[in-house]
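Quick mapping for you: the protein sequence lines, in order, are chains A and B. Quick note: the first sequence, position 140, residue 140 per full-length UniProt numbering, numbers continuous. Quick note: the second sequence, position 119, residue 119 per full-length UniProt numbering, numbers continuous.
Please keep in mind that the hints were generated in silico from the structure rather than gathered at the bench. Take the hints with a grain of salt, since some may be wrong.
Claimed, not checked - Stretches of chain B that chain A covers, calculated by requiring three or more beta carbons in the stretch to come under 8 angstroms of a beta carbon on chain A:
id, region
1, 351–361
2, 547–556
3, 667–673
As the list claims (entries may be wrong) - Anything over 10 angstroms on all C-beta distances counts as not near chain A; from chain B, calculated:
id, residue
4, Lys398
5, Ala444
6, Arg459
7, Glu607
8, Leu618
Computed from a predicted model, the values in this text were never measured in an experiment. We put the beta carbon where it would ideally sit given N, CA and C, even for glycine.
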Amino acid sequence: MNDIPPSTPVELLTFRLSDQEYSLDIMCVREIRGWTRTTPLPHAPSYMKGVINLRGTVLPVMDLAERLGLPPREHTDRNVIIVVKFEETMTGLLVDAVSDIIALTSNDLQPPPDSASTGGGGIIKALTLLDDRMIRVLELSEIVPAPQSDAA
Amino acid sequence: MSQPDPMAEIRASFFIECEELLEALQDGLQTMADNGDDLETINVVFRAVHSIKGGAGAFGLEGLVRFAHRYETVLDGVRSNTLVADGDAIKLFFRAADHLSDLVRESRDGGVLPEAEGNAILTELDALLGNKGVEEEDEAEIDFQPMGLALDLCLPDLPPLPSARAGQFTIHFVPHAELYETGNEPFMILRALTDLGPCEIICVTDKVPRLTECAPEAAYLEWTIVLTADVTEDEIASVFEFVEGLCDLTVESPQATQAVPASTALPDLPPLPDLVPSFAAKPEPAESAPVSAPPSPAAKAKTIQPPAAKAVVRVDLDRIERLVNLVGELVINQAMLSQSLESSGLSPHSDAMNGLEEFQRLTRDIQDSVMMIRAQPVKSLFQRMSRIVRECSAAVHKDVRLVTEGDTTEVDKTVIERLSDPLTHMIRNAVDHGLEATQDRIAAGKPEQGTVKLTAAHRSGRVIIEVSDDGGGINRHKVQQIATIKGLIAQDAVLSDMEIDNLLFLPGFSTASEVSDLSGRGVGMDVVRNAIQSLGGRITITSTPGSGTTFSISLPLTLAVLDGMVVHVAGETMVLPLNLVIETLTIDHDNLEQTRPGLNVVRVRGEFVSLFDLGVELGYRKAQDSYLDSVVLLIADEAGSRAALIVDQIQDQRQVVIKGLDESFYRAPGIAAATILGDGQIALILDPADIIAQAQSNTSALSPKLMEMTP
């Protein structure tokens, strides 16, 4: 996932958080669901919205905007949950709205300038331009296994 | 053979059987060690090794056969009284049994057989016999017993002998003794033939002598098979491919064949009454092999008699898992149905409601039955532990005896499997750290031999497993010293004994002053505790200086369902395990007291119990001004500590299906698992003991770091 060889075709799912556009490798996306009420977990970090019932399994849902450090907002019915799978773990990512699926080659992706990698730790894997708008490509592995702050 | 490899299936069932035989072997050896050697026990031990050898021979597992054979020779010595099984010999037998189970495992997984260790054991075994056994060694002598499978069980479905027509082959199949020696099994070949088309299989038993004249390694049986199929001779020959040169085979093609009159093909059966007694003594493979002609009624009555064991079905665990999951769905579904029926405003005496009640009862019965399928005695686990004790005590040069109790206690299979690692670690700990060195024991006036005790028991819907040793107990002074040096507690912290003991569960904590062979692997009691917690269990520790330490594990019986009390807290629906709830009460002026500001207690029949607001403890809301008229659940955990929890409302009691929370990225404190309610929403299942511990630690004198860690 890290070093994409030149001109490999990639497909990205793009979505909005506040007024920013983000995207994820579509291969990690399992499904997209409408917003449902989550059951909150006690003493959880604020970006952990809780758990929902995904056809019989318990799916943890995190607010991606809060996870990325954007200010928390009210949720509306238009919000959606993107169900992603990283390694064996399924997680729901709450986003404002899904926009599009775009196909491009890895040549179109440019590494983020050092100073611009928001939140540090390489959460933003790459940047690309679409119709003059900047789209941030997220590194899922940096998002999903959240820091196990409570262990030790 | 073309079909989905029946050989692999038989092989798999052989290894399952091996597990049982190894268990019987261990049991027998234990009985010998405890009560001396009565003949019956020795026979059991001998037969177990012998049967493993037999099966292994059939599958060409040479390393296993070689070892088992020499082991068996020595056991035979005990059986025939030429050898006395004293304590040392039995210890050696145990080691040999351990090695045998290694060999079985490696053979099954296709691993490398540990030759060197085996040879060392074999040398010692031979030494027991005074080398008598070695000269008798002759690989060719190894007799194995292919598993006798009664073909007549499969055959009644076959169509009657069809009249002669094109496509009918008559096959004469005369196996040589070598065929059996190489581990081939006529049954397999005959079964492969039936795959080609309908067969009339006739076993020619003319050459079978009276049993007194029967040579065990000779081959007496022949078969005549009339196969009706549209195949070529080559296809038939390919069935016999593996036994080419090991049998006489003639295939008469359709043109040459005449209908074989059944009367001429059916030979007279050998006098059966003679057969029967020797069956009991030592079943000969050849005789139990396929006989398609119906045996005489007398013989049938004898041969069909099942062995004394209970009828048992071996089922793939995946199928049971599926069943359990389906039952889980059924329970959720039933909850949904009840909820919608209740909300539809039907009279409680309507047919629908009565039906629902019946349905609920059935669901519950089904669920209990399904859970029982997965329940297994902890015996196999305990046996594995006795091996750990043997190996571990040898490594640290301590004389240790393992005492087990309650090994028939049944627990869900998944629980048993996942207990193996933590238990192994605790047993090692007990032997290595718990028990003192022999000279220290003598100095303390204790018996030289240390005792490690492993017990299992059911207690209030959970299973309690205890590992205790009669060692020196926890050196609390040293423990606190280490914890201070490592910066886990403050320099001047004053800790209770219990708090000091619990320091052992801190990550990276080790009391071993030096890294021995067994400790210092970077695995501490914290890993054990995590493993137990992930099973929904808890571990506690009690220690008496000078007389030993006990670790006590409390686990749910199953990981699938739970009797729960459904409550509302701060707008959330939650479930409390019902077995922990003692009673419910409401708070009024008479029973509410404060020990100090903000610290409430409730008086229950003259006893004061700490009062906690569940909503506050879970971080869902701020403390209320007044708790008058609140609903309270009085709960007690397994250790007996009690607490009162304030909830907003009690909804009902019901069975819930436990759904694990993926803890890979966030472990919610106080939460054991989750479940799905009738409306599809998720409710969290609380772990009250954890909540109480968290709440209590807020008032503790411990450093913040320790607070997180204490259970």
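Against the structure, the hints come out as follows:
{"no.": "1", "hint": "351–361", "result": "violated (count 0)"}
{"no.": "2", "hint": "547–556", "result": "violated (count 0)"}
{"no.": "3", "hint": "667–673", "result": "holds (count 5)"}
{"no.": "4", "hint": "Lys398", "result": "holds, 33 angstroms"}
{"no.": "5", "hint": "Ala444", "result": "holds, 37 angstroms"}
{"no.": "6", "hint": "Arg459", "result": "holds, 28 angstroms"}
{"no.": "7", "hint": "Glu607", "result": "holds, 28 angstroms"}
{"no.": "8", "hint": "Leu618", "result": "violated, 4 angstroms"}
Hint compliance for this structure: hints 1, 2 and 8 are broken, all remaining hints hold.
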